[in-house]
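First to last, the protein sequences are chains A and B.
Those letters in the first sequence? Residues 1 to 201, per this note's numbering, in order.
Those letters in the second sequence? Residues 202 to 395, per this note's numbering, in order.
It is worth saying that the hints were derived from the structure and are not from the lab.
Each residue gets a CB set at the ideal place from its N, CA and C atoms; glycine is no exception.
Incorrect hints may appear among the rest.
One-sided excerpt, in silico: chain A residues whose CB lies under 7 Å from chain B [to be verified]:
no.	residue
1	Asp144
2	Leu146
3	Arg152
These stretches of chain A come out as covered by chain B in the derived footprint (C-beta under 8 Å, 3 or more residues) [said to hold, decoys possible]:
no.	stretch
4	49-57
5	129-143
6	182-189
Distance windows between CB atoms, simulated [to be verified]:
no.	chain 1	residue 1	chain 2	residue 2	range
7	A	Glu81	B	Arg241	21 to 31 Å
8	A	Asp164	B	Asp337	43 to 53 Å
9	B	Gly345	A	Arg187	24 to 34 Å
10	A	Ala148	B	Asp227	31 to 41 Å
11	A	Arg103	B	Arg288	44 to 54 Å
12	A	Val107	B	Arg288	41 to 51 Å
Spelled out from the first residue to the last, the chains are:
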Amino acid sequence: MNLLPLRAASPYARRLHMVDAPDDGELARRISAAAPGRDAAAEAELCRRFAPRIRLYGRRHLRNDAAAADLVQDVLVLTLEKLRSGAIREPDKLASFILGSSRQVVVDGRRGGWRRERILETFNASLPDFTEDAEVLDSRRLEDCLAALAERERSVLVMTFYDDRPAEEVGAALGLAPGNVRVIRHRGLEKLRRCVTGEAA
Amino acid sequence: MRRFTCEAPIPAETLEGYWLGELDPDAQSSLEEHLFSCARCSSRLQALVDLGAGIRAVTREGGTHAVIGASFLGKLREDGMNIREYRLGPGGSVACTIAPQDDLVVSRLEAPLQGVRRLDLVFHDTRLSTPVRLEDVAFDPQSGEILLAHNTPFLRSMGKATNYTQLFAVDEQGERELGRYTFNHTPWPGSQGS
Numbered sequence: 001m002n003l004l005p006l007r008a009a010s011p012y013a014r015r016l017h018m019v020d021a022p023d024d025g026e027l028a029r030r031i032s033a034a035a036p037g038r039d040a041a042a043e044a045e046l047c048r049r050f051a052p053r054i055r056l057y058g059r060r061h062l063r064n065d066a067a068a069a070d071l072v073q074d075v076l077v078l079t080l081e082k083l084r085s086g087a088i089r090e091p092d093k094l095a096s097f098i099l100g101s102s103r104q105v106v107v108d109g110r111r112g113g114w115r116r117e118r119i120l121e122t123f124n125a126s127l128p129d130f131t132e133d134a135e136v137l138d139s140r141r142l143e144d145c146l147a148a149l150a151e152r153e154r155s156v157l158v159m160t161f162y163d164d165r166p167a168e169e170v171g172a173a174l175g176l177a178p179g180n181v182r183v184i185r186h187r188g189l190e191k192l193r194r195c196v197t198g199e200a201a
Numbered sequence: 202m203r204r205f206t207c208e209a210p211i212p213a214e215t216l217e218g219y220w221l222g223e224l225d226p227d228a229q230s231s232l233e234e235h236l237f238s239c240a241r242c243s244s245r246l247q248a249l250v251d252l253g254a255g256i257r258a259v260t261r262e263g264g265t266h267a268v269i270g271a272s273f274l275g276k277l278r279e280d281g282m283n284i285r286e287y288r289l290g291p292g293g294s295v296a297c298t299i300a301p302q303d304d305l306v307v308s309r310l311e312a313p314l315q316g317v318r319r320l321d322l323v324f325h326d327t328r329l330s331t332p333v334r335l336e337d338v339a340f341d342p343q344s345g346e347i348l349l350a351h352n353t354p355f356l357r358s359m360g361k362a363t364n365y366t367q368l369f370a371v372d373e374q375g376e377r378e379l380g381r382y383t384f385n386h387t388p389w390p391g392s393q394g395s
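Working from the sequences, and respecting the hints, build out all of it.
Structure below.
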């Protein structure tokens with residue numbers, strides 16, 4: 001199956017891209033089959049697809065954008081080198097391999113034995129050029145939408161997302177039960193999302 | 202243990218709990234397996250995270266007013282925000298302003314909150330034709346105060362004005378004023394509102 005152009009810009013192009021893109025296993029097999037050469041399009045597609053997921057994992061567990069960016073690079077380099085060398089035996093489980101690698105790199109980092117230098121030195125590899133889809137929030141619109149929320153919703157969302165704090169902590173500060181905070185938080189987020197995207201309630 | 206599939210998208214509440222560290226380890230592990238193999242759910246998580254980042258940015262810029270907790274105010278200070286603070290008792294008034302270096306202005310409105318079930322806050326601003334009522338604001342009865350973070354750009358644009366805020370306890374019998382707080386605002390010399 002042919003890949004669509006990687007720099008899909010419009011939402012319509014992105015939807016087409018998602019529909020027609022090869023599955024993970026097919027991508028993995030294409031990269032392995034091309035070795036010792038490179039299937040640049042397949043490698044770029046793999047990076048475009050998994051970079052956001054690895055970054056989210058990194059931000060969730062490391063709570064640091066720079067460390068999450070390093071994690072993306074390390075895991076993608078490791079994954080591509082394993083595919084090129086034929087070391088991934090079950091290409092259809094590519095996503096599990098990438099998650100496992102992400103977990104291992106984070107664990108190693110916490111033990112003080114960050115493998116970053118080792119990964120980059122061992123493979124001495126560079127990643128292919130790839131572009132990730134990115135949505136930019138209209139901050140003015142977000143301010144207006146926040147102002148339109150009920151006061152409790154605004155309090156909970158501001159205190160939650162300023163520093164990604166759990167319901168127990170936010171509830172303790174506002175005199176609310178954690179379960180109540182979760183309900184208010186979810187309702188507020190849904191209202192905010194619909195307001196920001198212009199989606200009808 | 203429930204395993205999510207693309208035919209069964211992860212509920213939004215679960216994504217929120219995952220991002221905020223509220224899931225148990227098994228549920229978290231299972232959810233991560235799904236997120237790595239599901240473009241749709243990972244995109245939904247990304248949208249949630251982007252919205253959270255937007256809220257954080259607006260808060261740091263003082264772009265929204267909100268009732269906040271005392272511990273949250275401490276966190277803002279720890280993060281280096283310059284916060285101007287005014288404390289008022291019931292019936293109190295204060296001469297107030299916002300300086301160029303201030304990131305945020307917070308009012309501490311003291312009130313007898315014990316036994317209060319619902320609390321409403323009403324703003325009377327000379328620039329607005331009608332008062333603005335914030336219904337059922339969150340509060341800790343033990344604290345004996347409400348912390349109100351003001352919208353920074355809104356304050357900066359204000360000229361000299363006297364505004365006031367009221368707190369009301371509301372129940373089946375009606376409403377009872379707990380306090381009236383007067384703000385005599387003067388713009389900082391040379392600022393937008395002066």
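Numbered hints the structure breaks, given as an ascending list: 1 and 8
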